[in-house]
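*Asks:* Modelling step: build the complete structure from the supplied sequences, incorporating the hints.
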Amino acid sequence: ICDHNRALDISIEYKPNEPRSWSVLPDMATTLHAIRDLSRPNLGVTLDFCHMLFAGEMPAKSAALAARHCRIMGVHLNDGYAKRDDGLIAGTVHPIQTVELFWTLDRLGYDGVIYFDTFPDHGGMDPVDESRANLALTDRLRAVAAALKDDAALTAAMAKQDAAASMRIIARTLYGA
Numbered sequence: 014i015c016d017h018n019r020a021l022d023i024s025i026e027y028k029p030n031e032p033r034s035w036s037v038l039p040d041m042a043t044t045l046h047a048i049r050d051l052s053r054p055n056l057g058v059t060l061d062f063c064h065m066l067f068a069g070e071m072p073a074k075s076a077a078l079a080a081r082h083c084r085i086m087g088v089h090l091n092d093g094y095a096k097r098d099d100g101l102i103a104g105t106v107h108p109i110q111t112v113e114l115f116w117t118l119d120r121l122g123y124d125g126v127i128y129f130d131t132f133p134d135h136g137g138m139d140p141v142d143e144s145r146a147n148l149a150l151t152d153r154l155r156a157v158a159a160a161l162k163d164d165a166a167l168t169a170a171m172a173k174q175d176a177a178a179s180m181r182i183i184a185r186t187l188y189g190a
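Quick note on my numbering: the sequence shown kicks off at 14 and runs consecutively.
Don't take every hint at face value.
Once the Cα atoms are required to be at most 20 Å apart in a straight line, the calculated EDC-like pairs of lysine to aspartate or glutamate come out as [as the list claims (entries may be wrong)]:
| # | residue 1 | residue 2 |
| --- | --- | --- |
| 1 | Lys162 | Asp152 |
| 2 | Lys74 | Glu26 |
| 3 | Lys96 | Glu70 |
| 4 | Lys96 | Asp40 |
| 5 | Lys28 | Asp40 |
| 6 | Lys28 | Asp99 |
| 7 | Lys28 | Asp130 |
| 8 | Lys74 | Asp142 |
| 9 | Lys162 | Asp130 |
Computed Cβ-Cβ distance ranges for the label pairs, DEER-style [to be verified]:
| # | residue 1 | residue 2 | range |
| --- | --- | --- | --- |
| 10 | Arg19 | Phe132 | 30 to 36 Å |
| 11 | Gly136 | Glu26 | 19 to 25 Å |
| 12 | Ala184 | Ile14 | 41 to 47 Å |
| 13 | Asp163 | Val37 | 19 to 25 Å |
| 14 | Gly125 | Ala160 | 19 to 25 Å |
| 15 | Asp164 | Arg53 | 35 to 41 Å |
| 16 | Lys162 | Met71 | 17 to 23 Å |
| 17 | Arg49 | Asp152 | 32 to 38 Å |
| 18 | Ala184 | Asp50 | 37 to 43 Å |
| 19 | Asp50 | Tyr128 | 26 to 32 Å |
| 20 | Glu31 | Ala165 | 43 to 49 Å |
| 21 | Glu26 | Arg181 | 31 to 37 Å |
Note that these hints are calculated values from the structure, not bench results.
Predicted model, so just to flag it, every value in this text is computed and none were measured.
Here a beta-carbon is modelled for each residue, glycine too, at the ideal position from N, C-alpha and C.
*Replies:* In C-alpha cells, the structure reads:
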C-alpha cells in the first residue's frame, strides 16, 4: 500500500480487537515493530485515545514512544472505560490523562490533525450537541495543558518524581484552588 503511491501518507490505527475478531496490531509496541520492519517514509501511526486505554497503555507514554520511532499522523480524541472502544466525549472519564496527552503532544511539537472519534448515535445524543461538548471540554483541557507546559514547580516535581506534588499542581490547574 505504501509503495503504490509514495506521495500519500498511510497511517496505522492499532486496536486490541473488535467484538468478534482478533487484531494483528493490537498495541503501540507491535505497531512500531511493523512500521520499523516495513521501513517506509510514508508510514506512521494514528493515536486513538480509547484504543490506547483499551490496550492497557498510558496515552501520553504511547505518544512519546510513537514520536520517537515514527510519525504521528493523527490523534483521535475520545474517552472510555478501557474495556472496549466506548467512543465517549473526550475527557469525560480520563481528564488528567487527556491533559497529559495534550502536554506531551505540545512538548513533542506535534502540530498535526486532532479530531474526535466519538459515537453520538449510540445513545441517541444530538451530534451537534455532542460536538459542542467535545469542543468545549477539549478546549478547556488543552488550555490546562498549555498552562502546565512551562510550569517550573511541575517540572521540579517531575524531576524529583514527586507524584503528590505533581498531582496537586495538575489538580489545581484543572479544577481550581
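*Asks:* Which of the numbered hints are not met once you compare them with the structure shown?
*Replies:* 8, 9 and 13
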